[in-house]
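*Asks:* Chains A and B, in that order, give the protein sequences. Just so we're aligned: 31 in the working numbering is position 31 of the first sequence, and the numbers increase by one with no gaps anywhere. When you read off a place in the second sequence, starting at 1, and then add 177, the result is the number in the working numbering.
In case anyone wonders, no lab produced these hints; they're calculated from the structure. Backbone N, C-alpha and C define an ideal beta-carbon position, used for all residues, glycine too. Treat the hints with caution; some may be incorrect.
Not the full set, but computed from the structure, chain A residues with beta-carbon under 8 angstroms of chain B [stated by the list, open to error]:
#1 Ala14
#2 Val17
#3 Met25
#4 Arg26
#5 Trp29
#6 Leu30
#7 Thr35
#8 Arg39
#9 Val47
#10 Tyr50
#11 Ala51
#12 Leu156
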Amino acid sequence: MGREGKSERDAAFATFVEQATPSLMRTAWLLTGSTEAARELVQASLVKTYAAWHRVRRDEAVAYARRVLVNHNTDTWRRQRGERLVADLPERPHRDDSGADHRDDLVRLLATLPAQQRRVVVLRYYSDLSEQATADVLGISVGAVKSAASRGLAGLRAAYPSPSTELSSPATEGSIR
Amino acid sequence: MNDLFEDQLRTDLHTAAGQPAYGSIDPAEVIGEGRRVVRRRHRLQALGAAAAVAVIGVAGFLATDPGRTTTAPPAHRSTTAPMNRALLTLEGAGEARFLAERPAGSDEVRIMDAAGTDRPVLARLRVPDGGRPLAYTALTVRDSLVGVLSGGSQLLQVGTDGVGEETGYRSDLQPLGDDLVAFAVQFDQVGRLETLSRILWADATGMVWDTNTPLLSARFAPAGTSTLPQLLWVDSANGIWGTSDGVGGGVTERPLETWPQNSMGAFEPAGSKHPGRGTFDITGLLPFSEASGLTGTWAPGVTVVSPLQGQPLTSGDRINLTAFHAVVTTDGELPEPLLRSITFTGPDGKQHGHRYPAGSRR
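Looking at chain B on its own, in the form it has when it is part of the complex (with noise of 0.2 angstroms):
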C-alpha cells in the first residue's frame, strides 16, 4: 500500500539524491584496478590448482598402495622421530575436522581426515626450509584451505572477490610443535575459496603478510584495557590497509594519502566494573614519513588512555607514511571522529597539522 509519506520519501530521496557534486571516476583507473584484481585471482587460482594435482597425487598414491589405506592409521606408522600433531576443528553447519601431522624437523606435513578412526591422509604439505623463516604454505582440502604458518603466528584475514554473498568463513588455528602452526579456514558458502584475494596473517615478530607477501606493518604495544598489540598494516599494491589486534579488525579500502583514521573498539556491557564505557583503539596514517611529535585535541568527553605515537612505514621511494595509534576511553557514544585534529613535526622540521571533518561511517 502506497501512502502519502512513501510518495513524500520518493520523492525527497531523489531530490537529496541529485544534489551534491560527486566528481567523476575515471575510467582508466578502474580498469587498472580492474586488471590487478584478475591477474591476483589468477595467481591464486593457479596456486590452487597446484593444491588440487597435490591432492590428486595423495588419491592416486593411497589407490596404487593398499598398506596406506583406510586399514592403517598414519599415525602407527613407524618413526623415531616424536610426533607433532594438531586437531583443527571448524565448528558449525557441516563441521569439519582435520589433524595436521608433522615428525618433528621434518619437511612434510600430513593433512589427515580426523573425523573417523581410520585417518586416511587428504593431503601433504612440503614445508621450505623447515619453517623458518617460513611463509605461507597451503592447499584447498574439501572446500576448506588447510595450511601451516610459522611458530607464533596468528590469522588475521581471509578476504575473497566474491559479489554479493557472504563473506563469512570459520576458521581454528593450533599449534603443530615448536616452529609452526597449523590452521583451516571454511567459508560459510561452498565454493567460495574459488574467489580467495587475501590471506593476511602476523608471524611472530607481528609482521604482517598477505600469503607469502610480507607488507609494511606497524605494531603498537596494547594499552588501556587492551591485552592484544594492534597491528597496522598497508597493502600499497591493491591501496588498502587495516588494522587488527589479532581477535577483530577491518580492511579499509581508502586512499593511503588522504589522512585516513580509524576507530575499533567495544562498550562494556551491563553488570561490568564500568557498564556503557568505551575503550578504543585510534589509528590512521599520515602521509608524511618519519612524522614525529604527535598530538592531538580530541573529542569532549574523551579520555586518553595512551597517547599517539607514530611509527614511520617507507618502502623506498614509493611509500612515506606514518602509523599512528592512540588508546582512548569514553562514557557512552560519541560523534565521531574522536580524533578531532592532529599536529607533528615533519621530515622537514617545520610543523604540520591536520582537522578531521565531522562525519563517520561504519
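The shape of chain A in the complex, shown without the other chains (with noise of 0.2 angstroms):
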C-alpha cells in the first residue's frame, strides 16, 4: 500500500512538474540572465519541492515552487557572497533578430539592478504579484518591497530605451505606430 502511494505520488509530480516547468522556466530566466542557469535553478527548485511534497498543497503547488526558486536564488546569492559564478552556456546558434536584440536588452537592464531589487520586479512586473504577496515571498515587509519597487523602476526606467529604439513586442510597436 505503501509503495502504491509512492507511486501516485510520484506521478503527480511528475505531472506538476510538466506543467509548472515553462512558468518557472520563465522566472527563473528573469532572474538569472541565462538559459543554462535558469534550468539549473528550476531543477534545483523543483527537487526542493518534491522533497517536502507531502506537505504541499496541490492547488498552491506552483506558488510553493517558486517561492522555492527565488529564494534558492537568493541562498546562493548569500552564499556566494563576494563569489562570481561564471555560467558555462552550451553553444546555441546566435539568432541575429531583433527578438533576441529586445530579450538581451532587457535582461541586461534587470542584471544591472541589485538582487533583492530584481527579484521584486519580476515577481512583481512579471509575476504579477501583489505587494502582500510578494513580501510574503520573499520573507520581507511589504514597505520592503514598495521601496525596492521604487527603486527598481527608477532604475529601469532611467535606462529603458526611448520609444523609438523601443524593447517592446511586436504588438506593442504597432500600437505606437
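Since each chain comes alone in its own frame, lean on the hints to assemble the complex.
*Replies:* Here you go:
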C-alpha cells in the first residue's frame, strides 16, 4: 500500500513538473539572465519541492515552487557573497533577429539592478504578484517591497530605451505606430 | 499607481521571457534527486534523534545524581589527567556559550553550559579512537550543533534544505587540546537544524569531508596577497562542487561535466595600498582526468599572479576530473569571465581547449 501511495505521489509530481516547468523557467530566466542557469535553478527548486511534496497543497504547488525558486536564488547569492560564478552556457546558434536583441537588452537592464530589486521587479511585474504576496514570497515587509520596487523601477526607467528604440513586443510597436 | 512605464515593463517582461528556448526538465531526474535529498535528510534526522537520546540520557543522569547537579561544577571533579577546555561563543541575539571539556586521552567530551557559574553538563560526546583518525562527532544541544573534529580542522560550511528562509548561521571553533577542535553552530532561525543537509569541514591535511564522508578535494597553496589555501571539493553523490578558503566560499550546484568555472575574491578598499584592485582565486573543473600543461587566455586588464595549475580528481571509474586554480588581479571590476579560454593536454596526449562564453551570474 505504501509503495502504491509513493508511486501515485510520484506520478502526480511528474505531472506537476511538466505543467509548472515553463512558467518557472521564465521566472528563473529573468532572475538569472541565463537559460542554463535558469534550468539548473528550476531543477534545484523542483527537487526541493519534491522533498516537501507530502505537505504541499496541490492547488498551491506552483506558488510553493516559485517561492522555493526565488529563495533558492537568494540562498545562492547569500552563500556566494563576494564570489562570482561563471555560467558555462551551451553553444547555441546566434539568432540575429530583433527579438533576441530586445530580450538580451531587457535581461541586461534587469541585471544592473541589485538582486533584491530585481526579484521584486520580476515578482511584481512579471509574476503579477501583489505587494503583500511579494513580501510573503521573499520574507520581507510590504514596505521593503515598495521601496525595492520603487528603486528598481527608477533604475530601469532611467536606462530604458526610448520608444523609438523600444524593447516592446511587436504588438506594442504596432500600437505605438 | 500604474503608469505607462509599468505597463510597458509588464508587456516587455512577458514578451522577453517567452522567447528563449529553455529546454526541458526530466521529471524522473528530479524525482531521483528528490529521493536522494529525502534519504539524506532522514539519515541526518536519525543522527539528531540519537543525539536527543544522548541528551535525555544525560538529563536523566543529572536528575538521579544529586552530586552532579548545580552545586558541583564538573570542572572540580578529581582527575589525574590534565583537563582540556574550549569555550565556544555564539555571539548575537540569544548568545549561547558552551564549554567543551575533555580529560587528556579520554574518549569523552562533556558539553556544558558556560553561561553561569554552575555549568551543568548538557551532553556528552564519545570520541572514537581517541580522535585519531577522527571524523566528525556532534549532537544537538539547545538548538545548536555542538561537536568536535580532529585537531587543526576548520569548518567550511553548514548547509540546510530549508525553503524560503534565511540560511544564516553563527559558528565558533576552538582548539580542544592538541588533537581535537570543538565547534558550535547555531542557525539564525530556531528549528533550522532539522533541515541540516551538509556539514563541510577540512581536516589539517586539507581533505574535505561532509560529516563523516570524505569528498574528493584539491588543495591549492595560497598565492598573491592571499594567505589561505584554496580548497576545491566535489560531492559527486549530490552533483555539486564548491570552493572555500576557510573564511569565505560557496557551493555550486552545477553539473560537474560542464566546464564550470568560479571566481572568488575581493577589491581592496579606499585608503589601502592599491584601492580598487581586485584579487581573485579562479577555480574550476575540467571534464578530463590528468589534464596537464594548462594555459589560459584572460580578459583584458587581468594580471596573472599565479598561473593555472591542475590537480586530478578521480574516483574509480565514476569521476574523472581535473581541478584547476589560478590567482589574478584586476584594476577594478571586469566583465566575467576573467578566464576566457583554457587549453591543456588530455590523458590521450592530445591538445584540448575550451572557450568560456561571456556572461556571469553572482
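*Asks:* Give a verdict on every hint.
*Replies:* Okay, the hints, checked on the actual structure:
no., hint, result
1, Ala14, "4 angstroms, holds"
2, Val17, "4 angstroms, holds"
3, Met25, "4 angstroms, holds"
4, Arg26, "4 angstroms, holds"
5, Trp29, "6 angstroms, holds"
6, Leu30, "6 angstroms, holds"
7, Thr35, "5 angstroms, holds"
8, Arg39, "6 angstroms, holds"
9, Val47, "4 angstroms, holds"
10, Tyr50, "3 angstroms, holds"
11, Ala51, "5 angstroms, holds"
12, Leu156, "7 angstroms, holds"
Consistency note: the structure conflicts with none of the earlier hints.
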